[in-house]
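Trainee: Residues in the sequence shown are numbered from 35 upward in steps of one, following the working numbering.
Since the hints were made in silico from the structure, they are not lab data. Check the hints yourself; a few may be wrong.
[What the hints assert, rightly or not] Label-pair distances were calculated between CB atoms; the ranges are:
hint : residue 1 : residue 2 : range
1    : Arg53     : Leu177    : 36 to 46 angstroms
2    : Phe118    : Ala175    : 12 to 22 angstroms
3    : Tyr61     : Leu41     : 11 to 21 angstroms
For each residue, glycine too, the CB sits at the ideal point set by N, CA and C.
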Amino acid sequence: MVLLALLPEPWQLLLRYNRSDLVSGHYWQLVTGHLLHSNYWHLLMNLGGLMLAMLLHARYFTWHQLLWQWLLSAVLISTCLYTFTADMQSYVGLSGLLHAMLIQGAVKDIQHRQSGGWLLAGGLVAKVLWEQWHGPDPQLAQLIDASVATDAHLYGVLAGLSITLLVLLAETLRK
Numbered sequence: 035m036v037l038l039a040l041l042p043e044p045w046q047l048l049l050r051y052n053r054s055d056l057v058s059g060h061y062w063q064l065v066t067g068h069l070l071h072s073n074y075w076h077l078l079m080n081l082g083g084l085m086l087a088m089l090l091h092a093r094y095f096t097w098h099q100l101l102w103q104w105l106l107s108a109v110l111i112s113t114c115l116y117t118f119t120a121d122m123q124s125y126v127g128l129s130g131l132l133h134a135m136l137i138q139g140a141v142k143d144i145q146h147r148q149s150g151g152w153l154l155a156g157g158l159v160a161k162v163l164w165e166q167w168h169g170p171d172p173q174l175a176q177l178i179d180a181s182v183a184t185d186a187h188l189y190g191v192l193a194g195l196s197i198t199l200l201v202l203l204a205e206t207l208r209k
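Could you build all of it, start to finish, from the sequences and the hints given here?
Mentor: Structure (C-alpha cells):
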C-alpha cells in the first residue's frame, strides 16, 4: 500500500474504485481500490488498523486464508458499494476490509471462548449502526481529505460475517 501511494496520480486513477470504470470492464478496481488512500493520514490510519487486526487475530489464519479472505471481502464490499450505494462514484481505503477482518477475528475469539470476541463484535456492530444513523465523522473526513465511506464499513462487517458463515458451513460439511 505504501508503494501504491507513491505511484503517479494517473496510475492511481487506473487502480481506484470508480463506478464508471467498472461499467467499462475495469474489474480489478473491485480489489485495488481498497489498497489506495486519499492521503498519507488515511494510509497511516489504515496501516495502524491493519497492525491492530493482525496483532489481535493473525494467529487464527494462515497467509493463504488471509489472502482469500481479503480478495473475497474486497470483491463483496465493492459489489455492495456498486449495487446498494449508487451515489458513490469513487472509493479508496482499507477500512471496509479492516471491518471484515475484525469481525472474522471476533468470531474466532468467540469460538475459542475469548470474552473479548463478544466485546469486539458488539463494538463493531454498534459502531457501524451509529455511523449508519448519524453519518460519518466530519473531522475524520477533513483529516483524510475525503468523505468517510460508512457504507464500506457496513459492507465489510457483512462480508466478514458471510465469509465466516461459509467457512463454518464448509467445515461442518467436511465432518
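Trainee: Hint by hint, note whether the structure agrees.
Mentor: Checked hints:
1. Our hint of 36 to 46 angstroms for Arg53 and Leu177 is violated, since their Cβ atoms are close to 25 angstroms apart.
2. Checking the proposed 12 to 22 angstroms range against Phe118 and Ala175 shows it holds: the Cβ atoms sit about 21 angstroms from each other.
3. Judged by the Cβ atoms, the range 11 to 21 angstroms given for Tyr61 and Leu41 holds: they are separated by roughly 19 angstroms.
In terms of the numbered hints stated before, the structure departs from hint 1 and from no other.
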